[in-house]
Amino acid sequence: MSEQRRRLIIDCDPGHDDAIAIMMAARHPKLELLGITTARGNQTIEKITKNALDVCQVLDIHVPVCMGMTRPLMAEPRLVEARIHGETGLDGPKFAPLTRKVDARHAVDFIIESCLTSDQPITLCPTGPMTNIAMAIRKEPRILDKIEAIVFMGGSYQHGNVTPAAEFNIIADAEAAAIVFTCGRPVVMMGLDITRQVLCYPSIIERMAKIDNKASHLFCDLMTFFNKTQKAVFGWDGGPLHDPTTIAYLIDPSLITTKLMFAEVDITHGQSYGRTNCDIFGLSDAQKNVHVAMKIDVEGFWNTVETCIRLYS
Amino acid sequence: MPKYLIDTDTASDDAIALIMALRDPSCEVLAITTVFGNVDIETATKNALLSIEMAEVLPVPVYQGMDRPILRPRIDALDIHGQDGLSQQNYPNPSLKKEAEHALNAIIRILRQEKEPIRIICLGPLTNIALALRKAPDIQTKIQDITLMGGAQLGYAGYTEVAEFNIFCDPEAAAIVFNSGIPLTMIPLEVCSIGNGKVEAITSLNAKEIAALRALHTQRAQFAMNSTQTLYAFCSKLTGFKNLQLPDPTAITVALRPQGILSSYTAYVQVDLVGPLTYGQTVINVRGGTALDGQVIRHNVKIISAIDGAFFKAHLTESLS
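Each protein sequence line maps, in turn, to chains A and B.
If you read the first sequence in the numbering used here, its first letter stands for residue 11, the second for the next number, and so on.
If you read the second sequence in the numbering used here, its first letter stands for residue -18, the second for the next number, and so on.
Chain A on its own, in the form it takes in the complex:
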C-alpha cells in the first residue's frame, strides 16, 4: 500500500488561482480532498460558491461544497477584486449550466464536523480570507487536536499588494488571521514573497494546452483571462499562481523552503494594519509559530502543476 493520503479541506474564494488549487488537490494520489468551503474574498459569497461548484462540475470532482462566512469578523467588507477576477469572480471559461448543489451545512460547521469525526488529522488549506477557519477554531476549540497544519496562501514578509504593508487575504480579515496565527497548531505561510515568483507566462499556458484534457482546457481559459487583468493592473506578462503553491507544498514539500519563525498579524489599526510581521532574524524571544515560505523551485512547481493536470487525462 502507498503511504496514507493527507486529508485536507480547501477553504477558498474562487478566484482563478483558487480554481487551479482545487484542480490540483482533487485527483492527486497523495491527497484526499474532503471538501471545499467558501468565504467572502475575491467576490461575494454567492458568486464564489457558484464558482467552486462550476469547477467541481466541469472537472467531475465529487466533494461537498459548503458556503461559509459572508463577511469578515471585525473589519468592514472590502471591495471585491473584480479588476483581477472579473465580475463573476471566475471570468474566462464558459461553464455549462450548473446542476451541482451547494451542501446544506455551513462551512464553519462542516470544518468542525469533519475534524471531530475524522480518525486522522486534517490539514486546512485556506486560500482566501481565514474567517471560516477562525470561526471554527473559536466555536469548537477541540478541533485543534485534529488539525495537522494550516497551510495558507496569504501575507508577505516583504511587502503587501493592497497596502504597502498588507496582502489581500490577510487584510480582508486580519482578526481572523490573527486567530489562526495564535491557534497553537503548525501554520505554514505561502506569502507573496514566493507566489510572485510563479508567474504564468504565455509559454506556460502553451505548455499546459498541449496536454489537451478538461483540466488543461480550464487551466488555459482561466489563465488567459487572468493574464490580461494582471497585465492591465500590475503590468506583468504572467499572472502569479498564488493559491496553488499551498497544494504544491502538500504534494512535494521539497519544492518550497520554509523557515520556522515568530510571526504575528498587525491588528492594531495603524498604518500597517493587516501586515504579517515575520521575525526572520529571531529578534523576539516569542515562541516560533509560523513556517514562512522563503524560496520556491519554480521549474519544479510547474512540473507539479503539469503532473496534476495530466491526472485528468
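I should point out that these hints are in silico values taken from the structure, not numbers from a laboratory.
Just so it is clear, the structure is predicted and the values come from calculations on it, not from any experiment.
No false leads were slipped in.
Distance windows between CB atoms, simulated:
| # | chain 1 | residue 1 | chain 2 | residue 2 | range |
| --- | --- | --- | --- | --- | --- |
| 1 | A | R152 | B | P54 | 11 to 21 angstroms |
| 2 | A | S294 | B | V38 | 49 to 59 angstroms |
| 3 | B | N207 | A | R152 | 33 to 43 angstroms |
Residues from chain B that keep clear of chain A, each with C-beta distances beyond 12 angstroms, as calculated:
| # | residue |
| --- | --- |
| 4 | V38 |
| 5 | P42 |
| 6 | E80 |
| 7 | P98 |
| 8 | T199 |
| 9 | A272 |
Derived lysine to aspartate or glutamate pairs resembling EDC-like cross-links, with alpha carbons at most 20 angstroms apart:
| # | chain 1 | residue 1 | chain 2 | residue 2 |
| --- | --- | --- | --- | --- |
| 10 | B | K79 | A | E150 |
| 11 | A | K104 | A | E56 |
| 12 | A | K224 | A | D101 |
| 13 | A | K104 | A | D231 |
| 14 | A | K156 | B | D48 |
| 15 | A | K241 | A | D101 |
From the three backbone atoms N, C-alpha and C, an ideal C-beta is built for every residue, glycine too.
Here the structure of chain A is known, so what remains is to put chain B in place on it, guided by the hints.
Using the frame of chain A, we list chain B on its own:
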C-alpha cells in the same frame, strides 16, 4: 406575549435574573444560552440549569455557547461571585441537562423558525450574539431588540478606569453588537447600584432588605441570598457599607417591566477597540445631527440612566416569593 432569548454567563446575580424572567407570566423564554464571563462556560451552563430548577417552572432548553472571547484572553469574576459563581454553597449538580446543539446554531435556528421578531436579553459578554450575527446575518431582522447589562457612563469606573466587565470581557464582540443597527437598550453598571445618585433610584439592597427577602422562607429566596453572599461581601467592601448590587436582575426589570424605568436617553455609543487607556469603553455621544467632521451621528442605543429602586425591589420580591 413577547418571546425572549436570554444569554447569560450564569453566576450569582444572573441566577436571580433567570428566576425573575422564568417566573414572569408575561414573558415566554424560548431558550437560555450560556457564555463564558463571570465563570468558565461549563460552570455557567451548570448554574443556568440549577437556576431553572430553583425557579420551579417548566424546563427551558439551555444551549452552551462560546467558551472564550473573539480575540483577547479570557478573564473571569471568580473573586466577585466565588469559585463556582454561586458563593460556594455546595449545591448538588442539577438533574436537568444541557442541549447538544451549540448556542450559536441554536440562536440562529430559533430566530429563523420564529415568525415574529424575538427579544434578546444579554447578561454577560456579547460573544454569542456577535458571532451568531456574523455567521448568519439574516437573523438580524428577527431580533426585535436587545436589552443588555453592560457598559458604563463616563466617570464611572468598572473593570478598568473606563470599561465595564461584560464589555471588557470581549470588546470586539460588543463592537459588533453595538454597530449592528439592532435596537439596543443598555443598562450601565452604575445604574444597577446608585442609579443617578437620587434616593429613589438606588437599586442595591441594604442589610434590612436582604433580611426581608430571607424572611420569605422560600427555597428561591434562600437560594438567591445564599448564592450572592460573595457578591454581597465584595460590594460591601468596595463601597464601605453593607449592600448587595444586582446588575442582571435590574436588566430583567428593564426588559420585562419598563414602567420601572425612571429616566433614559438615546445616544450614539461605540466600543473602543484601540486605545491603551480606553479599550473596552462604551464611548457615549449624546449629540445628534452632523458632527464638525461631517459624520452623521445616529443614536443607536437607549441608555437607562435611572431605575425606580422600590419598583425593582418589589419585582424581585414577587419573583422570590
